[in-house]
Structures are given as C-alpha cells and as structure tokens.
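Engineer: Protein chains in written order, with our numbering: chain A, 16 to 350; chain B, 60 to 494.
Worth flagging that the hints you see were computed from the coordinates, not collected in a lab. Please note that a few of the clues may not be correct.
[Unchecked claim] Heads up, incomplete: computed chain B residues facing chain A, CB under 8 Å, no partners named:
1) V168
2) L169
3) P265
4) I271
5) F330
6) E376
7) L377
8) D378
[As the list claims (entries may be wrong)] Quick look at which bits of chain A chain B covers, simulated, 3 or more residues with Cβ under 8 Å:
9) 119–128
10) 157–171
[To be verified] Quick list of in silico lysine-lysine cross-link-like pairs, DSBU-like style, CA-CA up to 35 Å:
11) K182(A) x K283(A)
12) K126(A) x K396(B)
13) K466(B) x K126(A)
We put the beta carbon where it would ideally sit given N, CA and C, even for glycine.
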Amino acid sequence: MERVQLGERPRSRPAETSWHGPHLLGLEDLSRAEIESILDQADALARELAASRKKLLDLQGRVVFNLFFENSTRTRTSFSLASKRLSADTQDFSPGGSSLSKGESFIDTAKNLEAMGADILVVRHPTPGTPRLLSQNVGCAIVNAGDGAHEHPTQALLDLLTIRRAKGRIEGLTVGLLGDIAHSRVARSNIWGLLKLGARVILCGPPTLVPRGWERLACEVAYHLDEVLPRCDVINVLRIQFERQQNALFPSVGEYSHFYMMTQERIKAARPDLLMLAPGPINRGVELTPEVADGPHSAILDQVANGLAVRMAVLSMLCRGLDASRAGRAAPGGG
Amino acid sequence: MTTIQIRGGRLIDPAQDLDTVGDLWLARGRILGLGSVGEDPDLVIDAGGMIVCPGLIDVHVHLREPGNEEDETIASGARAALAGGVTSVACMPNTRPAIDTQAAAEFVVLQARRARQANVFPVGAVSKERKGQELAELGQLVAGGAVAFTDDGAPVASASLMRRALEYSRMFDRVVMQHCQVPELTDGGVMNEGFESMRLGLGGMPAAAEDIMVARDIRLAEITGGRLHIQHISTARSVELVREGKRRGVRVTAEACPHHFSLTDESLRSFDSNFKMNPPLRTHADVEAVIAGLKDDTIEILATDHAPHAREKKMRELDLAPFGIVGLETLLPITIKCLIEPGHLTWPEVIRKLTVNAAQLLKLDQKGTFRPGSDADVTIIDPRVEWTIDSSEFHSRSRNTPFEGWKVRGRAHAAIVAGELRYSRDPRFAEAARA
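Using the sequences and the accompanying hints, generate a full structural model.
Structural biologist: Below, the structure written as structure tokens:
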C-alpha cells in the first residue's frame, strides 16, 4: 500500500534526463540536466520532510555503509539519517581500530563490506580519487562523501539547493567562494556545479590559497574581498583547512581575518539580499563573526536541513539506478 | 657455442655510421666482423627483415635487490631487459642497503654473473647511505665495478656535496647522474603542478623544482669540470638549460624516458597510480620540448627508469602509492610509436641513443658498437610485428605499466650477450636461448 503511494511522489523531470548513478563521484562528471534532476528530487523531498515525519520506504531492504577513512561528524550523521529516513539498514564503518590499522588495503575493506551485502558505500577518504578506484573494484554503488581536496558532491548539491530555494534560480547569479580554494573539495564541487548551472563564480582568497589556473574555466579570481563582495548575490565562506596545510600559507590568522572575515561592516557593504553560506564546521572569529553567522543573511542551518534532503535524493535515485542495472545485467556486457 | 652468423639483417651501428643489409659474425664472445669472415658458423640466425644492432644499453634501471626482492631481483630484471632487447643495464643504488660500498657493488656484479642474463653494471651512491651528508667511498665503488655515481631516488640536495662529488669524481672520469629536483618544492606532491593538479585536488610538483636544480648543477659542473648527467629530463625549461650548457662547453648530458615523451599529466584524471612517477608526467608543451631535445641531440640518451613495484604496494591510494613504472619491456614499442612512426627520429638515431651514446656515458668502451673485437652483445629487432602490451606476459616481477593494452608495433626478437643467444622469440632457438 505504502509503496504504491510512494511511487506516486511527483518527479518533475522526465526519466531519460534524470540522474541515476551508477555512482556519485563528483559534479564534474554530471550534466546540467542530471544535477537539476537531483535538485528537483531533493526539493520535493525537503517539502515532504517539512510536512511529515513518516519514514519513506525507498531503501527498504537495502544496506548502506558509511565508510569513513577520515573524521566527520555532520556529513556522516546526515548520510546516516538520510539512509534511515529511507528505511535502509545502515552501518558506520570507520578505520580506527579496524583491520585497516593492521595494514588491510582500502579495496579489501570495501570488498568485505560488499560481501556483507552492501548496496551503497558512502565513502570519505583523505586521498583524491579513492572513491573512483573503489567504484572500479567493487560492485556496489559508491557515493563520494569527500575525497581529499578533490570533490564533495553532496555538499555542493546542498549548497546549490539552498541557493535555488532562497533565490529561485542559479542561472545568472554571481556566487563568491571565499577562502581556502586550494585545499577545498567543497570549492571544487561548487565550481563545477555553479558553472554548469550558469552562475558567475568569483574565487576570493590570498594567492597562496587560490591556485592559478581557474581563470581557464571562466572563474574570476580576486584577492581582495572588499572589491568583489558588493557584486555577489551569494557568498560561500569556506573553512580554513588547518589540517591539510603543510606550511603556513598566510602570515597569521589575524591577518587572514583582517582581509577575509565576514563581519557586520562587510555585510553592510554587500547587497541587502546577500545570501551567505558556510559548509561548516565554522571557525567563529576567523572566517566569520558570530553575529554574521547567526544573522539574517546566514543560511547555515538551511544548508544542514537541505543536506538531509539532498542525501536522501541521491541515495534514492542511486537505488533506482541499481534496480535498472541489475535488471539489465542479464544482457551480455550489461554489468 | 662459439661462432654465430646473423644472416641478412639490416645492420645498424651508429658508432660507425653503418646502415646496411648483410651478415654479422660473432665468435668467442667478440664481434668478428661483417660480410664473410671465412669461419664455419655453429649457429646461423636468419635475420631477414629484422634490424640487427649493437646490444641496447639502458643507463637507468632499478633492480631492487638487495632489499626489495618482492618488486624485482637482479635476475628477473636482467631477464626483463633481454626480453625488451636490452643487453646491458646500469642499476641504481637505492636498494636496502644502498650500493654505497665496494662490497655492495661487488654483490650486484656477482648476482648478475649468477643470473647470466643481461649485463648489469652497478651505479654507486654519491653519499653514504644516500643520506646526502658525506661522500661515499667513490674510488672503492669504482674498484667494485661501479660505472657512475648517483643518489637517484632522491636528488643530492646539498649544493656543496654535489660540488664535491663533481670535483672528486674527476679522478676516475666517471659521471655523476642527478635526479634533479629541489625537494622542498615537491614535498607532498603526487603529480605535475598545474591546471590538472588544481582540478584534481592533488599535491603538485612544479616544473621549476627540476629547472632550478638543473641550472644549479650545470653551473657546478662548469666550475668543477666534472661530468654531469641529467636523469629523466622532463621539463621544457630543463631541456633549454641543458642545450645552453652544452653550447657553453659544459660536460653535461641528458636522458629522456619513454613516459616523458608519450604521456601527459592529463592521464592522472584516472587516478591510476601507474601514471604516478617522479619526475611526474608533465604537460603537452613539455612533451614537445623533450622530443625537440631528442631531435637536436640535446638529449643524447634514451633510458627507461625501470621502477618495479609489487602490485600490493602500487594498488594503494594515490598519495600512498610509490612513484615509478616498469619500462624495460615497453622501451622499444613506445619509442617506435612515439618517436619513429611520427617521423621525429630515424632508426639509426634511436639506436645511437641506446648504444654508443650510452656506452660513452658509462665508459663501456667494448660495448655499443660492431667494431671487430668489441663485446658480442647484439639485439635483433622485429620492427614490424604488431602486438598488444599485456603486463601479465612481462618477465619483470612487477606489472606497474601505464601502457597496458596499447596496440604497438615492433619488439625485440632476440638478444645475444657475450656471444651467447640468451633470449629468442623464435621457437627454433628458444631452447638454445634458455640453456
């Protein structure tokens, strides 16, 4: 009964342009239509979540592992909750204390989880490309929950959804990404997503944190926030990745804050409808002041809520893809 | 077996500017001569349609013994060399322990003699334990068989130590081979620094790290009069620096590896560790500059930097996987595909970089030529056979190649070392070759 009811959930995109996996490794791989199909699905789910606490059955009988080789609290919790709201069996697996510390390779670990019946592996790893290598070595669907400084697609999708729900569109908006672009997977995924959806992207930070070359992808690069902030419809405040920096890439936190911290003064110079995102965890007093973080321009908590919807959409759409590919596997070469 | 007649091949010996169809005679481990020599052959090898050249010399391989026999041994590496048409290799000292004493060098020589495959010449370490602090006993290394010096695997980072090495090695007239890279600029790097590393979020190794040390060491060679060899040159600017150094009369030579004239850093989009090497794959512009340097002889030597790694080590996360790829068994086909077929170099030009030029670098006076009395090391190449690179057929213990599945043309048909047919694809001779 309930399954039928769920099948009637509105899907605003025709199936052929809709994204269906087989993996979510990064936004660089996806087309505009595919990204929009995920956002549409997530938007519908977000409304549904707001209206009802009832569990959905999309992932009933499915096994989802959160395979996190790197610390995470909010992303892992968000994925866990998303799986549970979709009725999956979900299990966290973190390398601390496991056989990984005994020298087992990450591929062996993933194969073990596959042998336990995993349908989807949500993977976070400090090395770029590791989710892609896993996708080539195991039969489960892989969701990249952040690989080094490479991509963090669900974070960018939830940023896009937050912008779209607040502004009604993404095309034509000017979006600033502020801070540590060099070490940020969130920045890379945002850049791909925003460019594909027709936004204008400004990368702003000190030259040691904004690598040369993004101009080639039609991004604007700026070193002085005060010069570009007034043009921004959206500013996405990235965290300083202290753990990824081997050398001091700016003279001091104080100097960084002097140039790049989002303060009330800077907000006053910005557009009145400026939307401010921050992927978190935020460093209050470094990247933004508390009154800005909690102020009217801040969408930080909307992002968290939208994150749940985005992850539910991704998991549910991947499962549909799994069904389709398993149905087609009988044909030669279908695997 | 004493006398061999190699009949009807295209004989190419750049040392003598020779390129002619005819017969080559070997006897008692030496080159007897060309044409007819008035002896009865014990073995006749029909080389019709084949290229017959002095045994190829690879001045840059890693054989991993002692210490990492799971990757390669002197025997397996020397066998892989023969299968690739290479009859002599110079092996790098970054073993465990390092080849930094006479005894260690003699161990390599002894193991190679036991293996009875390709000739193996040890390259001694520049510094004790390759730590870059104090000079190793270079003279005693030479006494143990070392043909050159290097700390390869790592650069000699200290300018003063490099200066001392270039100065001191003059008393043996042996070359110092340098892996040119300023370490503090490549720390944490996985691939070439540039547009590709930026988009992939991978740690970069800037071309400037190589350029700066090439420039420094050319000046040090200039003021000391020592012999400097730039290993695995990979950047456009480095090629230009070597070109300019030669113009000034500095004693500097350079080698290029097949992966640096066939692949670019775009390959890393696959995140496949078989594209991770040091120096890293560079840009299209660098590849073109390396090819230009090979064409005008700024780079006079081809070498593989054969760097075997066991599968369990290489199949790791990209930043944990070791640098390097195997190269001995793909040297010829990749060189044919990327240098000869596009018309950048002719066969004699390629063979010159793999024979007489390499022999001169290592001062192997009896090798690299068909002059009568030279060592009877011969490579016979089938230049036309079409095949697909399949690492499962490699003789090397390791399989880490970026060329898996490439459709190529040309490969070694047979290899003769010291007058013995030690490797052959011809079933009629396979037994003799195994003996």
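Engineer: Confirm or reject each hint.
Structural biologist: Hints, one by one, checked against the model:
The interface hint given for V168(B) is violated, since its Cβ lies 36 Å from the closest Cβ of chain A, which is over the 8 Å cut-off. A cut of 8 Å between beta carbons decides the hint on L169(B): the least distance to chain A is about 34 Å, and the hint is violated. Proximity of P265(B) to chain A is violated relative to the hint, the smallest CB-CB distance being about 11 Å (cut-off 8 Å). A hinted interface residue such as I271(B) counts as satisfied when its beta carbon comes closer than 8 Å to some beta carbon of chain A; here the least separation is about 18 Å, so the hint is violated.
Among the interface hints, the one on F330(B) holds; its C-beta lies about 3 Å from the nearest C-beta in chain A, closer than the 8 Å criterion. Among the interface hints, the one on E376(B) holds; its C-beta lies about 4 Å from the nearest C-beta in chain A, closer than the 8 Å criterion. About 5 Å separates the beta-carbon of L377(B) from the nearest beta-carbon of chain A, less than 8 Å, and the hint is met. Checking D378(B) against chain A by beta carbon gives a least distance of about 5 Å; that is within 8 Å, so the hint holds.
For the stretch 119–128 of chain A, the stated coverage by chain B holds: 3 residues have a C-beta nearer than 8 Å to a C-beta of that chain, and at least 3 were required. Check result for the stretch 157–171 of chain A against chain B: holds, 5 residues qualifying (beta carbon to beta carbon below 8 Å, three or more required). Restraint check for K182(A) and K283(A): the C-alpha separation of about 20 Å stays at or below 35 Å, so the hint holds. This hinted pair does not check out: K126(A) and K396(B) have alpha carbons roughly 38 Å apart, beyond 35 Å.
For the suggested pair K466(B) and K126(A), the alpha carbons sit about 32 Å apart, so the restraint of at most 35 Å is met.
The structure is inconsistent with the numbered hints 1, 2, 3, 4, 12, although it conforms to all the rest.
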